[in-house]
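Asks: The primary structure of each chain is shown beneath.
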Amino acid sequence: MLGIVRQKVLGQSLQKVRPAVSLLRSYSSAAKQMTVREALNSALDEEMSADPKVFLMGEEVGEYQGAYKISKGLLEKYGPERVLDTPITEAGFTGIGVGAAYYGLKPVVEFMTFNFSMQAIDHIINSAAKSNYMSAGQLSVPLVFRGPNGAAAGVGAQHSQCYAAWYASCPGLKVLAPYNSEDSRGLLKAAIRDPDPVIFLENELLYGESFPVSDEVLDSSFCLPIGKAKIEREGKDVTITAFSKMVGYALKAAEILEKDGIDAEVINLRSIRPLDRSTINTSVRKTNRLITVEEGFPQHGVGAEICASVVEESFGYLDAPVERVAGADVPMPYAANLERMAVPQVEDIVRAAKRACYRSVPLAAAA
Amino acid sequence: MSGAFSAAKFTTQPFLSTPLPPDLTTSPSISPAPPHRSSDPPANSASFFFQIESPRRSGTVVAVSDVVKEKKSKSTPNLLITKEEGLVLYEDMVLGRAFEDMCAQMYYRGKMFGFVHLYNGQEAVSTGFIKLLKKEDSVVSTYRDHVHALSKGVPARAVMSELFGKATGCCRGQGGSMHMFSSEHNLLGGFAFIGEGIPVATGAAFTSKYKREVLKEAGCDHVTLAFFGDGTCNNGQFFECLNMAALWKLPIVFVVENNLWAIGMSHLRATSDPQIYKKGPAFGMPGIHVDGMDVLKVREVAKEAIGRARRGEGPTLVECETYRFRGHSLADPDELRDPAEKAHYAARDPITALKKYLIENSLASEAELKAIDKKIDEMVEDSVEFADESPPPPRSQLLENVFADPKGFGIGPDGRYRCEDPKFTEGTAHV
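Residue numbers (the UniProt record's numbering), protein chains in the order written: chain A, 1 to 367; chain B, 1 to 431.
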């Protein structure tokens, strides 16, 4: 909560902070580069090629090549039977996806953005997540719901929202949030192969970002485990957890903190549910300090759950109060300056980490 | 209840089974639907305004309920069913009725709990449709699903046990009254929300088409039936799926069990045009109205609709005008329905009607039918005994089946989260 209040005060001073992902270009020259969009596209392509039961459905996925061009080329390659343009009927086609999954097909349902999944949330929660349990294991639902999630830019309150905490609170769902190209490939392939319904939260603003990828990541057998977080940067002074776009911000914050002599450990959660409590707690036991970062609303958020886990399992190791850096507790405003204040910025993370390390933090007005 | 929107006033026109005008009876009016019909007939002028076919097909979907009458009067030997078929239908309907009556007893005795919605009075719809299906065909139902499960072949023991919340139930006690599933019988639920089952059913039908066209399983001609009520027909998912099913020519039959009441909301007070079947042609599929209190008429319409789906000719919307003899659920005081209306439909009990038909046409003797009644009574009694004696689900079952993944991330036997296993997703990967 503290983060929010300060964020509003400090917002004015943060205008110059660039999106964090750009820094990655600096150490990527040796490896191959791949955009998140290419990573998602290639993962879909490979899984569709490997298993004829996999098909893609959603609005504009076919002839339009995807509203965000994630499905580019797939219609041409797999035909309209497997790359299905649907009418604008979220409740309808989401339910159709569930019914198709009952019979062992592996639908990948694209929401143009996850905001539209609200129209179909009955089928996500009541049909997809609960069928296996209600049927006592007779009917499983191997289904992926994917699409961009979280705040975009300048699209207002109804189109800018993070659904990680919403879906992660529902048993029967697995919730993944990739950050870079490696995550996107490995996690999407894992999601498609998984026998249960998976919510796959992409980020529109990352689609065009390039990240270095190894040969292993490019291999068609590459797959990441669901439920495992990744330590993106090792450190000993403070743990910062983040997912999706916020991982980039956390890495950028860690770079800034390093100059002040604070060695931050950055955990890319990758999987929101199951949550890798072990990796988080192991890290906190080492650093004794924790900052959680998310774009979503603070109350009952992902940070709240991480905080609870650390209080339950590692209370005695904490040397400072846990801080949550989250989106402001308001619907997303439209005006650019307000919008910027409503989502976490790198500076917010830096300040929270400094507070946790008992360093002096300049007031916003002075900055 | 007064004025133009009084339910009582409207029911007398289109919905009570008034004799048809002779011209309609002899030649059911089936016309290719013009893309823009300039003048619709008044809503209550004729409930048997039978509609279109897909423009590609030369044949027509007939108003079978009319044809039935015709055939019957013309030649008695030309019966609609054989003796064997008649007995199967009778047995299934009696089972549905006896089972539901027993459920009411057991509910009041505290053996089952929560919401229990009974099917009494509507048996002709379940029996008329489902008994024509193959085992591979699917049924998607609503919260009023016990009898659909029984018709589809789920044993009475398994259904009763599920209602008792026992481990021997068809979902081991995890589903309950409104969530009957049986993958063996291709019963895909049991959906408790209005309209929720329709997209799922449409997805099952989509699978049949996908298997045939993409997975090249040439023999896959499986049909899906989606059952739902009149109240659902005002819900958006109904319209969304009529559109997609027709657009993609899916092998599905949308079966409306129009029992005239959505809990306490009269269909006529809720729906701008109460003739639901007319919504089929609007989406480019045939819409048929049938007397849902007559199992033989339902069966004739169902044959045509299921056959159409199986031949790959696309979906059909069938409106079965029926009536539930009990309240919406066992918790419903049922105070809004007119006693005269209830009496009218009670006099048209589908089981009594079938019995009369079987005996009058010498398809079965009184004694044969009595023997079936007795057999069913015993079967239902047995299901209660079985359910009563069955064990409740063990404590350990609570956390099972949340995921299909055998390494699902519930809490494992060692008390640790399963996701801590580094090989968490291994075994699911098959590239």
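Keep in mind that a hint or two might mislead.
To be verified - Pair ranges (Cβ atoms, derived):
| id | chain 1 | residue 1 | chain 2 | residue 2 | range |
| --- | --- | --- | --- | --- | --- |
| 1 | B | L215 | A | Q158 | 38 to 46 Å |
| 2 | A | A336 | B | P392 | 58 to 66 Å |
| 3 | A | I88 | B | E378 | 47 to 55 Å |
| 4 | B | E184 | A | Q158 | 42 to 50 Å |
| 5 | A | I88 | B | V214 | 20 to 28 Å |
| 6 | B | G110 | A | Q119 | 54 to 62 Å |
| 7 | A | I88 | B | F193 | 33 to 41 Å |
Said to hold, decoys possible - Here are the simulated lysine-lysine pairs, DSS-like style, with alpha carbons at most 25 Å apart:
| id | chain 1 | residue 1 | chain 2 | residue 2 |
| --- | --- | --- | --- | --- |
| 8 | A | K77 | B | K249 |
| 9 | B | K131 | B | K111 |
| 10 | B | K209 | B | K111 |
| 11 | B | K111 | A | K77 |
| 12 | B | K216 | A | K77 |
| 13 | B | K134 | A | K77 |
What the hints assert, rightly or not - Which bits of chain B does chain A cover? Going by a derived footprint, with three or more residues having C-beta under 8 Å, they are:
| id | stretch |
| --- | --- |
| 14 | 105 to 115 |
| 15 | 177 to 191 |
| 16 | 194 to 204 |
| 17 | 212 to 219 |
| 18 | 321 to 334 |
The hints are simulated quantities; they were obtained by calculation from the structure and are not laboratory data. Backbone N, C-alpha and C define an ideal beta-carbon position, used for all residues, glycine too.
Asks: All the hints need checking, so say for each whether the structure fits it.
Replies: A quick look at each hint next to the structure:
Evaluation of the 38 to 46 Å hint for L215/B and Q158/A yields a pass: the beta carbon distance comes to about 39 Å. Between A336/A and P392/B the C-beta distance comes to about 59 Å, which sits within the given range of 58 to 66 Å. Checked against the given bound of 47 to 55 Å, the beta carbons of I88/A and E378/B, roughly 53 Å apart, stay inside it. For E184/B and Q158/A, the Cβ-Cβ distance of about 44 Å falls inside the hinted range of 42 to 50 Å, so the restraint holds.
Under the hint 20 to 28 Å, the C-beta atoms of I88/A and V214/B, about 24 Å apart, fit the expected range. Remark: the range hint 54 to 62 Å for G110/B to Q119/A is contradicted by a beta-carbon distance near 40 Å. Distance hint check for I88/A and F193/B: the Cβ-Cβ separation is about 21 Å, which falls outside the suggested range of 33 to 41 Å. Our distance criterion of 25 Å between C-alpha atoms is met by K77/A and K249/B, whose separation comes to about 23 Å.
For the suggested pair K131/B and K111/B, the alpha carbons sit about 30 Å apart, so the restraint of at most 25 Å is broken. This hinted pair does not check out: K209/B and K111/B have alpha carbons roughly 42 Å apart, beyond 25 Å. Between the alpha carbons of K111/B and K77/A the distance comes to roughly 57 Å, so the proposed pair goes past 25 Å and is violated. Taken as a hint, the K216/B and K77/A pair is honoured in the structure, with Cα atoms around 17 Å apart against an allowance of 25 Å.
The hinted pair formed by K134/B and K77/A fails the criterion: a straight-line CA distance of about 35 Å is larger than 25 Å. Using a Cβ-Cβ cut-off of 8 Å, 0 residues of the stretch 105 to 115 of chain B lie near chain A, which falls short of the minimum of three, so the contact claim is violated. Closer than 8 Å: that is the beta-carbon criterion, and the stretch 177 to 191 of chain B has 9 residues meeting it against chain A, so the requirement of 3 holds. Counting residues of the stretch 194 to 204 of chain B whose beta-carbon sits less than 8 Å from any beta-carbon of chain A gives 9, enough to reach three: the coverage restraint holds.
Three residues within the 8 Å Cβ limit are the bar, and the stretch 212 to 219 of chain B against chain A gives 3, so the coverage statement holds. Counting residues of the stretch 321 to 334 of chain B whose C-beta lies closer than 8 Å to any C-beta of chain A gives 0; at least three are required, and the coverage claim is violated.
When held up to the earlier numbered hints, the structure conflicts with 6, 7, 9, 10, 11, 13, 14, 18 and fits the remainder.
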